[in-house]
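So the protein lines, in turn, are chains E, V, Z and A.
Sequential numbering from 1 applies to the first sequence in the working numbering.
Sequential numbering from 1 applies to the second sequence in the working numbering.
Sequential numbering from 1 applies to the third sequence in the working numbering.
Sequential numbering from 1 applies to the fourth sequence in the working numbering.
Incorrect hints may have been included.
The list cannot tell twin chains apart, which means a pair is met if one copy fits it or any two copies do.
To be verified - Subject to a maximum C-alpha distance of 30 angstroms in a straight line, what follows is the list of computed DSBU-like cross-link-like pairs (lysine-lysine): (1) Lys154 to Lys60; (2) Lys127 to Lys158; (3) Lys60 to Lys200; (4) Lys200 to Lys97; (5) Lys154 to Lys142; (6) Lys97 to Lys142; (7) Lys142 to Lys81; (8) Lys97 to Lys154; (9) Lys158 to Lys97; (10) Lys142 to Lys158; (11) Lys81 to Lys60; (12) Lys142 to Lys60.
Calculated directly from the structure, the hints in this document are not laboratory data.
Each chain, letter by letter, is given below.
Number of protein chains: 4
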Amino acid sequence: MEFNWRDTYARQVQDIIEYSEAAYQRGLVSGTGGNISARCGEYIIITATNVPLRRVTPEKLILCSLDGSPLDAAPGERPSKETGFHAAVYRARPDVKWVAHLHPVYSIVWGLQGSELPLLTESARLKLGQVPIIPVGTPGSKELAEAVTTSVVKAGPKTRAFFMREHGILAVGATAADCYHTCELLEDSAKIAVLDRLFKA
Amino acid sequence: MEFNWRDTYARQVQDIIEYSEAAYQRGLVSGTGGNISARCGEYIIITATNVPLRRVTPEKLILCSLDGSPLDAAPGERPSKETGFHAAVYRARPDVKWVAHLHPVYSIVWGLQGSELPLLTESARLKLGQVPIIPVGTPGSKELAEAVTTSVVKAGPKTRAFFMREHGILAVGATAADCYHTCELLEDSAKIAVLDRLFKA
Amino acid sequence: MEFNWRDTYARQVQDIIEYSEAAYQRGLVSGTGGNISARCGEYIIITATNVPLRRVTPEKLILCSLDGSPLDAAPGERPSKETGFHAAVYRARPDVKWVAHLHPVYSIVWGLQGSELPLLTESARLKLGQVPIIPVGTPGSKELAEAVTTSVVKAGPKTRAFFMREHGILAVGATAADCYHTCELLEDSAKIAVLDRLFKA
Amino acid sequence: MEFNWRDTYARQVQDIIEYSEAAYQRGLVSGTGGNISARCGEYIIITATNVPLRRVTPEKLILCSLDGSPLDAAPGERPSKETGFHAAVYRARPDVKWVAHLHPVYSIVWGLQGSELPLLTESARLKLGQVPIIPVGTPGSKELAEAVTTSVVKAGPKTRAFFMREHGILAVGATAADCYHTCELLEDSAKIAVLDRLFKA
Chain E
1 MEFNWRDTYA
11 RQVQDIIEYS
21 EAAYQRGLVS
31 GTGGNISARC
41 GEYIIITATN
51 VPLRRVTPEK
61 LILCSLDGSP
71 LDAAPGERPS
81 KETGFHAAVY
91 RARPDVKWVA
101 HLHPVYSIVW
111 GLQGSELPLL
121 TESARLKLGQ
131 VPIIPVGTPG
141 SKELAEAVTT
151 SVVKAGPKTR
161 AFFMREHGIL
171 AVGATAADCY
181 HTCELLEDSA
191 KIAVLDRLFK
201 A
Chain V
1 MEFNWRDTYA
11 RQVQDIIEYS
21 EAAYQRGLVS
31 GTGGNISARC
41 GEYIIITATN
51 VPLRRVTPEK
61 LILCSLDGSP
71 LDAAPGERPS
81 KETGFHAAVY
91 RARPDVKWVA
101 HLHPVYSIVW
111 GLQGSELPLL
121 TESARLKLGQ
131 VPIIPVGTPG
141 SKELAEAVTT
151 SVVKAGPKTR
161 AFFMREHGIL
171 AVGATAADCY
181 HTCELLEDSA
191 KIAVLDRLFK
201 A
Chain Z
1 MEFNWRDTYA
11 RQVQDIIEYS
21 EAAYQRGLVS
31 GTGGNISARC
41 GEYIIITATN
51 VPLRRVTPEK
61 LILCSLDGSP
71 LDAAPGERPS
81 KETGFHAAVY
91 RARPDVKWVA
101 HLHPVYSIVW
111 GLQGSELPLL
121 TESARLKLGQ
131 VPIIPVGTPG
141 SKELAEAVTT
151 SVVKAGPKTR
161 AFFMREHGIL
171 AVGATAADCY
181 HTCELLEDSA
191 KIAVLDRLFK
201 A
Chain A
1 MEFNWRDTYA
11 RQVQDIIEYS
21 EAAYQRGLVS
31 GTGGNISARC
41 GEYIIITATN
51 VPLRRVTPEK
61 LILCSLDGSP
71 LDAAPGERPS
81 KETGFHAAVY
91 RARPDVKWVA
101 HLHPVYSIVW
111 GLQGSELPLL
121 TESARLKLGQ
131 VPIIPVGTPG
141 SKELAEAVTT
151 SVVKAGPKTR
161 AFFMREHGIL
171 AVGATAADCY
181 HTCELLEDSA
191 KIAVLDRLFK
201 A
């Protein structure tokens, strides 16, 4: 790749690093789980496979095309194995500039039940809305990317967050902050729903 | 606005920033939820709409009148949509200098039940007292501001904390520290009440 | 007080500040709850009343006699209202150099049940041992100090930790680290006991 | 010991310190619980007994032989009492370069039940696999080291994590990061399993 994309998209590079660390510190992901990407013109920048989000550096980011193919990477680095469904989201939703896939515990627990998330708070009703559940699919598979596309298209352009059953969550946004705040709000909303149901059982 | 209110009220500006970040770090709020304000003479200073409490800066604070109207703001910034009920609290309670509205999970879960919070600990009996529940109201609506006023007036001058049903909590204080510590104590007390009931079920 | 006790006991002053902040950061106390003291020769140094443990400074420490009377304090500062039972512990247990009283949530929830803590792990059996429950008493009262004394004397010199019913925990140690680590271990042990019982219910 | 092993193995020394602190900050261990070691050629470097993982320094690390005998230590320091089973793991698994023994709460609660951990998420299926349960044994005993050896050998070379019943977890890895990330993933997986079972009860 001739052009220096890490400089051209320095703001996105910095934001991926900042929000990746925030997601780890907030407990929304652990180990090497999760991946975050940004749309940069005709490209996608995404975190590398096997990088812990607490420790993303510019060298751990990969430039990809909108069909999900890697275009430039530091030696030995490959893009997240979930690049396929990130790319699918960007193609299906032109308004989306950021995609985050995280593994927060209460959202996963809620998603395992398969029932719709009740919107128990004003914040959930105002800023989250209905949260579709994307069915199970092998990580990195074409089938999973297609399941994501189907869910995203069906949900329409107002939907900001999805459960990925037995896997985690998917959030989209026009900015890094929007996308990340949706993740925090979804996890809090799932925790409230889980505790409320336990409490009333 | 001619006078430089961010300098005149530098202490309050600094305290709003500090306690906003503390509330986020302590898990009492997430995303762009919550808002904090201070009474400054005949004015109110309040956090902007859509600002995450982890990242408040002086530019993200708005000067308002005691009727809740914005008087001065950085370009593009508007006051929290809940400025109406903050202002209502300051008018109803001359002793109150600080108001915090946060979204802590266990307090929300308790509030969903609608029953009175049992004061299970010495700290809750000594420093918290009875915690009224403010009924549901559309965020930013006149009806919600009126419901807050009614509850605050009815509760009397010794009440420091309120549940806002399906929404969060409201705490008031004579200092930033008093107001913030009440939020921490209420969330711990709600967590103890939720766990105690689960435990004994 | 003629002698400069903050210099003479600089190590204890520094340790109280460090472990007070650690207790807050670890979630073992919130708001202005809790108090920590150290035996310094014929004296006790204890945190002031109404100081949040996250923000203890040398000026927020009070020199007291072993009968619990304040001997020296910065202007306007008074010792924790629980100085009485700290002093009672030092008189009853000559081996004790540190006393911590904290309000961790799972320990409080366990203590509310009034049954003995099961020692479910090797760490609890090895480093904690039996944890007596001190009955309820008004904070700051002579009755509470006497109840603490009775429990501490009855438990004997090997006991490191106590539940204070409807109030929190009490830990003692020969060093600041010993005393603080006992608090962390007790809270983890109480959390395991609460979850295990919920899980098996 | 003539050679300066803290310099020769500076990278491992630094990694033990870093991941020990990370384990504490993440809540995977508390007080003086837990111990971490690295294989360094024909030697093992392990954390000292009674050191809190939040505060490991080079002086708190001990050089041991592969049979678990201490070879070099700062004055007054002794190796973790669990050095025996760390050494047993290194002898049984030549591929293992790192061993971590931690005390995370949900893993302990799951282990108390004695039933197999369900692999409810893609991450657990992909990166964790089956998690054997090592039976109870007195800390520091030869019996416990033998029980660990038996479980590790029986589980085979693909197994990365074990429950230690009534004690904690054991994770192994080719790098410090692999070993540590397995600990984080196991605790999240155990938390999901505990909550899912409570939720469906």
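These are the hints, each one checked on the structure:
no. : hint             : in the structure
1   : Lys154 to Lys60  : neither (33 angstroms within a copy, 37 angstroms between copies)
2   : Lys127 to Lys158 : within (10 angstroms within a copy, 34 angstroms between copies)
3   : Lys60 to Lys200  : neither (45 angstroms within a copy, 40 angstroms between copies)
4   : Lys200 to Lys97  : neither (40 angstroms within a copy, 37 angstroms between copies)
5   : Lys154 to Lys142 : within (18 angstroms within a copy, 36 angstroms between copies)
6   : Lys97 to Lys142  : within (22 angstroms within a copy, 36 angstroms between copies)
7   : Lys142 to Lys81  : within (11 angstroms within a copy, 44 angstroms between copies)
8   : Lys97 to Lys154  : within (19 angstroms within a copy, 48 angstroms between copies)
9   : Lys158 to Lys97  : within (14 angstroms within a copy, 39 angstroms between copies)
10  : Lys142 to Lys158 : both (25 angstroms within a copy, 27 angstroms between copies)
11  : Lys81 to Lys60   : within (14 angstroms within a copy, 39 angstroms between copies)
12  : Lys142 to Lys60  : within (24 angstroms within a copy, 44 angstroms between copies)
Going through the hint list in order, the structure does not satisfy hints 1, 3, 4.
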